[in-house]
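Build the complex: two chains, separate frames, hints provided.
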Amino acid sequence: SAVISQKPSRDICQRGTSLTIQCQVDSQVTMMFWYRQQPGQSLTLIATANQGSEATYESGFVIDKFPISRPNLTFSTLTVSNMSPEDSSIYLCSVEDGRGFADTQYFGPGTRLTVL
Amino acid sequence: EDQVTQSPEALRLQEGESSSLNCSYTVSGLRGLFWYRQDPGKGPEFLFTLYSAGEEKEKERLKATLTKKESFLHITAPKPEDSATYLCAVQGSGNTGKLIFGQGTTLQVKP
Chain A
1 SAVISQKPSR DICQRGTSLT IQCQVDSQVT MMFWYRQQPG QSLTLIATAN QGSEATYESG
61 FVIDKFPISR PNLTFSTLTV SNMSPEDSSI YLCSVEDGRG FADTQYFGPG TRLTVL
Chain B
1001 EDQVTQSPEA LRLQEGESSS LNCSYTVSGL RGLFWYRQDP GKGPEFLFTL YSAGEEKEKE
1061 RLKATLTKKE SFLHITAPKP EDSATYLCAV QGSGNTGKLI FGQGTTLQVK P
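From first to last, the protein sequence lines are chains A and B. Just so we're aligned: 32 in the working numbering is position 32 of the first sequence, and the numbers increase by one with no gaps anywhere. Each number in the working numbering comes from the position in the second sequence (counting from 1) with 1000 added on.
Hints were generated in silico from the structure; no laboratory data involved. Don't take each hint at face value.
[Claimed, not checked] Computed cross-link-like contacts, DSS-like style, restricted to lysine-lysine with a CA-CA straight-line distance of at most 25 Å:
# : chain 1 : residue 1 : chain 2 : residue 2
1 : B       : 1079      : B       : 1057
2 : B       : 1069      : B       : 1098
3 : A       : 7         : B       : 1098
4 : B       : 1098      : A       : 65
5 : B       : 1069      : B       : 1110
6 : B       : 1068      : B       : 1042
7 : B       : 1110      : B       : 1098
8 : B       : 1059      : A       : 7
9 : B       : 1069      : B       : 1059
[What the hints assert, rightly or not] Covered stretches of chain B (chain A as the covering partner; in silico rule of three or more C-beta atoms under 8 Å from a C-beta of chain A):
#  : stretch
10 : 1059-1066
11 : 1097-1109
Note that the Cβ used here is the ideal one computed from N, Cα and C, for glycine as well.
The following block holds chain B by itself, in its conformation from the complex (with noise of 0.2 Å):
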């Protein structure tokens, strides 16, 4: 069964404090893993996709990487308004479109 565990649920980070975020999924065949930022309220924002470990995408302080077991989102100098929900979800090969999220990580970026 195809499954997505987000570490840590909550993560609390000064203004300009580093830190990552991590995905860890099982699932048949990837085609495809996705990260996205939810905001109180609102619907999830699409950040990245990622394809195949060793895979690497960025935008602006934010960058994705990819391994065959994990993704981690590494957010880099952190603003307030980086405070949000991160999700990530995965696409296996025997479920086309569905995606299968895992239960996010909450940031909260205090100035």
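Next comes chain A alone, as it looks inside the complex (with noise of 0.2 Å):
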């Protein structure tokens, strides 16, 4: 499977503030994804980031808030604009093995966010 890595693992920012997610990938991957873990909650998914395409958003979320850049085949940025006490939450990303009909994803170690 990939090996994925984030940057930063955690970090504090004051409301008002952006903060931008890095996403790493050992090998090219066609699609990543970015999931929000709010505190005591599953998983929900953000958006979808494919290269050389506008990434596509799930209901809920929009480009002025979470924009993302996918610039290659290894790597993705998720940014936080704008950030209140409510976008205090784990930010995941994954991608897929492209192996199979239904392509299991594996995910990153996650950035937990606090914002005050």
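Below you can see the structure in the form of structure tokens.
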């Protein structure tokens, strides 16, 4: 399976500021995903990021709030803009292994964000 | 609407006491059902993928099974290191790549 790293691992930010989270994969992958896990909750998909095209956002998530870049097949960034305490969550990136009908997704270690 | 419900929310077992976790799902055309393990402060760790009813997969003390409406994760003779939150997710035919997660079952195994 792919090895996925995220930076930063955690951060504490002031409301109104923005944070960019990086996701690096050790192999080329077509599809990358960004999820949010709010405190005590399960994972919710924010958007799907494919190289060379605009990210596809899920209902309730907008590009102005969560802009995503996907410059190549091994890297993506998610920015959390104009943060409020409600944005305090763990943000996770994942990739598909690309070998099956329903491709297994592997997750990075996550970025724990606290907004004061 | 695709939906996943896991039960129980929390489970406490004594070491060696076998049990099962349940994952009930509603999905339009199941492409796959996935089990993950998540330790506190970490990302989900992949355990199993199941594609069709009747399929079973095993790994050490864990065995996952699938029917048309639910999946079970059986834990045989658990050890304290099996303590974690176990997440179930489905991928439907209309949502390429998107995983719908349940709320998880938090398992605590006492020595």
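Run through the hints listed earlier and report the numbers of any the structure violates, in increasing order. 5, 6, 7, 8 and 10
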